[in-house]
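Chains P and L supply the protein sequences, listed in that same order. Here the first sequence stands for residues 12 to 348, where the numbers follow the working numbering. Here the second sequence stands for residues 5 to 338, where the numbers follow the working numbering.
Mixed in with the good hints there might be a few duds.
What the hints assert, rightly or not - Here are some of the chain P residues that sit facing chain L, going by a computed Cβ distance under 10 Å:
id	residue
1	Val97
2	Val130
3	His132
4	Ala133
5	His134
Claimed, not checked - Just so you have them, the derived chain P footprint on chain L, three or more residues with Cβ under 8 Å:
id	region
6	234-240
7	326-332
Calculated directly from the structure, the hints in this document are not laboratory data. Even glycine gets a Cβ: it sits at the ideal position worked out from N, Cα and C.
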Amino acid sequence: MGKVILEVKNLKTKYITRFHEDVYSVDGVSLKIEEGKSLGIAGESGCGKSTLALSMMGYYFPPLHYTSGDIIIDGVNISGMDPDKVRTTILGSEIAYIPQAAMNALNPTMKIIRFIEDVIHAHDKSVSKQEIRSRAEAYFKEVGLPPEVLDRHAVELSGGMKQRTVIAVSTILSPKVLIADEPSSALDVTSQKMVIKMMKDLMKNGHIRAMMFITHELPLLYNVTDDIAVMYAGQLVEYGSAHEMVFDPIHPYSHGLMGSILVPEEGTRGANLTAIPGTPPNLKKPPVGCRFAERCKYAKPQCFYTAPAERMFGENGTRMYRCLMDEEELREVYANE
Amino acid sequence: MKGYRKYFGQKLLWFFITLIVAVALNFVLPRLMPTDPVNAITGKIAGGMSDSSAIKEVYEFYQKQFGLDKPMITQFFLFVKNALRGDFGISFSQYPRTVADIISSSIGWTLALQIPAIIVGWILGNVLGAVAAYKRGIWDKGVMPLFMFLGNVPAFAMAIVLLVLFAMKWKIAPSGGGYSSQMIPNMSWKFVKSVLSHYWLPFLSVVIISIGGQAVGMRSMSIYELNADYVKYSRFLGIKDGKIVKYVFRNAMLPQVTGLAMSLGTSIGGALVAETIFSYPGLGTTMLSAVTSSDYPLISATTLIITIMVLLVTLFLDVIYAFIDPRVKAAQFD
Numbered sequence: 012m013g014k015v016i017l018e019v020k021n022l023k024t025k026y027i028t029r030f031h032e033d034v035y036s037v038d039g040v041s042l043k044i045e046e047g048k049s050l051g052i053a054g055e056s057g058c059g060k061s062t063l064a065l066s067m068m069g070y071y072f073p074p075l076h077y078t079s080g081d082i083i084i085d086g087v088n089i090s091g092m093d094p095d096k097v098r099t100t101i102l103g104s105e106i107a108y109i110p111q112a113a114m115n116a117l118n119p120t121m122k123i124i125r126f127i128e129d130v131i132h133a134h135d136k137s138v139s140k141q142e143i144r145s146r147a148e149a150y151f152k153e154v155g156l157p158p159e160v161l162d163r164h165a166v167e168l169s170g171g172m173k174q175r176t177v178i179a180v181s182t183i184l185s186p187k188v189l190i191a192d193e194p195s196s197a198l199d200v201t202s203q204k205m206v207i208k209m210m211k212d213l214m215k216n217g218h219i220r221a222m223m224f225i226t227h228e229l230p231l232l233y234n235v236t237d238d239i240a241v242m243y244a245g246q247l248v249e250y251g252s253a254h255e256m257v258f259d260p261i262h263p264y265s266h267g268l269m270g271s272i273l274v275p276e277e278g279t280r281g282a283n284l285t286a287i288p289g290t291p292p293n294l295k296k297p298p299v300g301c302r303f304a305e306r307c308k309y310a311k312p313q314c315f316y317t318a319p320a321e322r323m324f325g326e327n328g329t330r331m332y333r334c335l336m337d338e339e340e341l342r343e344v345y346a347n348e
Numbered sequence: 005m006k007g008y009r010k011y012f013g014q015k016l017l018w019f020f021i022t023l024i025v026a027v028a029l030n031f032v033l034p035r036l037m038p039t040d041p042v043n044a045i046t047g048k049i050a051g052g053m054s055d056s057s058a059i060k061e062v063y064e065f066y067q068k069q070f071g072l073d074k075p076m077i078t079q080f081f082l083f084v085k086n087a088l089r090g091d092f093g094i095s096f097s098q099y100p101r102t103v104a105d106i107i108s109s110s111i112g113w114t115l116a117l118q119i120p121a122i123i124v125g126w127i128l129g130n131v132l133g134a135v136a137a138y139k140r141g142i143w144d145k146g147v148m149p150l151f152m153f154l155g156n157v158p159a160f161a162m163a164i165v166l167l168v169l170f171a172m173k174w175k176i177a178p179s180g181g182g183y184s185s186q187m188i189p190n191m192s193w194k195f196v197k198s199v200l201s202h203y204w205l206p207f208l209s210v211v212i213i214s215i216g217g218q219a220v221g222m223r224s225m226s227i228y229e230l231n232a233d234y235v236k237y238s239r240f241l242g243i244k245d246g247k248i249v250k251y252v253f254r255n256a257m258l259p260q261v262t263g264l265a266m267s268l269g270t271s272i273g274g275a276l277v278a279e280t281i282f283s284y285p286g287l288g289t290t291m292l293s294a295v296t297s298s299d300y301p302l303i304s305a306t307t308l309i310i311t312i313m314v315l316l317v318t319l320f321l322d323v324i325y326a327f328i329d330p331r332v333k334a335a336q337f338d
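Same shape as in the complex, but just chain L (with noise of 0.2 Å):
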């Protein structure tokens, strides 16, 4: 029980610094970018103002607001002390929204599209590998490589192969949007059956591009696996290949999960060119304007969500895998 501790422990303790020197770096590096926001705010408030004096106070009034007329150092305990309670500030770019308001309304449309999809695929993909190198044949020959090469297609190609085929030549789904522009979002069933049907086809967007990657995977470990020594040892002493074939899968399964984990972990800044080419109302689409905006504080905020959901499944990975592979526990315990 001691070992588990230290080895938590340690866990624990590099989880910590990481997230320090990480929201230290999302904090830095969006400022060093060579625009000044405010100057576009002010640009667009003073547009049709000729007093110099006028323009300057709008900008210092501004500047101001956003906390930006204090040294760096300041901002920086500014930001830790308020990101601690959930305030990122105000947002510069939707002025005056707050960026708590817009992430809290597009993180969901994301988290709903890309969980769901990446793990679909994930299955889909481990299912396909497992019978690539079990059975051979066309799975092998024929299905395996065919999602190989899906795999390897761009992702904004695909979405727009998708887009092309579904939305535009057959106009079995609409273009774009997480809902028709129609609606106002509610708890109805009609605009439940609006979201599913502008729904399915950025998923599949996802899934169809995350199968071939982890088939690959899944492919070899189960070659590998089934060509161990105690796969040859288990049917020497009478154990029935279906049992034997649950101990392959099993082992080759291990390594991915880290995979699944980690697309989990990256799914928000993977869900940036799906969701820009398909409008849909997510963070992706909201972390590329906030790009385009030099929106300080909304970049630092979308950024730190992905390290943070990063980190979290490593850490959750590092813990898990201590219990799901002896191998990793004798090696890290002793």
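Okay, chain P solo, but in the shape it has when bound (with noise of 0.2 Å):
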């Protein structure tokens, strides 16, 4: 087992609506990503993917609140620290971010080369200019971009070369973790492709130790990602290798959504598209029992007044899952249908 770069225990965060509700929309999610490790996270809109993203920065604005749990990176836990701290040492240079829509992610005023001068010296403000050029220049031919895009601005740029540069942006002080939240779902697969390959590279060639991948589409998962990971109603139902996931899902949501995709391997052709009825459920209110009891097509009375815990299973132990059933029984149902 390698280093552990990222750790997150029993994270909860919640939003505060202008109203003062409180929307559970990350309710105790735990996961490890190891040093080389890449982590994607799969779930339907609005299952707390993004805000996972978000509340694994460590640094919180309205509405979104820190309610519990911890963050630990690289053995640095920045879930207690201050936030200013948190910003000046760790986002950024620790752990940096991809946006879901980075079409507007660089402000369209602003010469590239003049925003990564401001986000070096927002972490070292003793680098000079011609340095951070030097570097800049120098890191950009490294990762595939043309250094005439520093002196551009954001709105001269097509759409997969601005996804580039913002990944190039976000990664220039080597941050240990990148969390990038749907960085490929607004581009062409031409471009998508492009970015998926600038993104190994990055960890290929040591800039980046660590990546959590966020999307709704699983099949790109399962070629990018080492692990992936299932999220429903702000928790994590089950998680395992990518290759586990995919062809022996064991949580009943993980497999309707497993089989509601194509996946591109042997054996898996022909197979019937199943789609899952229902909708999540409000998290303003979250069911005290198994939150996918409702949609769930083998729930048992228990389930709806009973929350799972998280379960280990597998070969090692190394996999998990949220539901009453036992392993057993799931795979008999799944066999029988």
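Given two chains presented individually in distinct reference frames, assemble the corresponding complex, making use of the accompanying hints.
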């Protein structure tokens, strides 16, 4: 087992709406990413994927609020830290973020190089502008972006170019962890491929040491990340290696989710695609029992009033699922379908 | 560089086309008024005369003097030719003063009143809007609505209220004029002091009214920019709030520059009300008396000045926008 770069322990955060209602959008998430590994987070819209990404930055601004839990980056717990200290010493340099709408992530009236200057100066005032320029030029060349981009404004770049520029800006300080929130969802397949390749190369060349990749596109995760976690209604319901998750999902939700996608692998061709009926629960008032019970084909009466805990299983006990039913029971149910 | 030249060339071309059309309209419109100014002057001069041929002679003399006996089209080319030399003819109503003389003695008053007032109002309005958007609380819920209310008070009402309060009730300001009526304009310290004491009340009336409108625009632009994705992204890269606020307000200011330039362009027209009520010796007062006395040359000249100011400001805006806002640059030069 490699060194753990990012560890999240029972993280809980909530949104407080303008009507003073609490929305428990991340409700007890625990995960680990080892050095050189990547974790994909999958789930449908509104399940809390993006909120999880924001919560893991350790810096909160309204309406998002921290409730409890730990975020440990390379042995340093940042969840109790002073927000200003998190901002100057952690954000951008230890943990970096690629936002969902990278199209608008860059200030439209600023040249890219000016923004990079501000990013670097936010962490180290002593670096001179010439130094920043030569560093940025070298870095852009390395990640396959023309250095001319530095003297452009965001509006002058194409969508794919903008996205790759955002990735380059985010990682210019070689952060340990990169959290990418749907970095490729708005792009065409060619640009998607370039973005994915760029992120994989960053990992290979040691610019980042661990990566979390959030998307609703499961087939993409299978090709990009080492592990996959499935999120439902603010909680992780299952995680395991990408291969295990795609070919042997055990939780009824991930089972349904995987059944709803096409995987271009031998043996899956010709399988019927199925959809999961219903909608996710309201997170202002999460159900007392299993959050998926209402949509679960296999739900039993106790599922509606007993909340399931995380259960480890699989070889070496590295996989997790959150269900009241036993592994064998579930496998039997699936086999008889 | 080719893109720039083409862009500016186009803007310049449009500037001249608009200018020509505007000059023509400026010339024609006052002359379409149903009153006959020569009649009025003749009436004044020939007031005691009973000899109808003598009256006719006076009438024809002035008609010739003003060039009104020639066909309209000839008059127009004469007007343009003279205007290019800075000669706008002789005023009908203040005969025999030249229009150029009347304007040059009043335009300074107007510009000195309006430009500082508009700029101060603009700056205060933008600061208020930005603070209201960023700090919220009393600024957003108290100060902001107050200035919005004041901004919607008609200019004449604001001027009258100020006049009643400061000049009549508290007697801390003179009730009108540009300087004390016992003085002849000169460069002495005493005269400057008199000018300043007459200056601040009309100045205040313009400033108070302009704050609200500017603040509303700035506030909504700032709120929009504060919620932009780049703000969130910059925060997550560890950039400090002070810096991010600078990004936000710079971007929010850009549309406000248009607002400033346009109000500078229309300042002379806007000066009319305040100047009239404070009997300020500016171009607004001049224009009003020109209109009421059908003084064609003077109307044409003042409206021409307004037109040219608006056009110049628009041209200037087009040019600077290309430099300060890369979005405009990208949209225009492609």
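Could you work out which earlier hints the structure fails to respect and list their numbers in ascending sequence?
Hint check: nothing fails, all pass.
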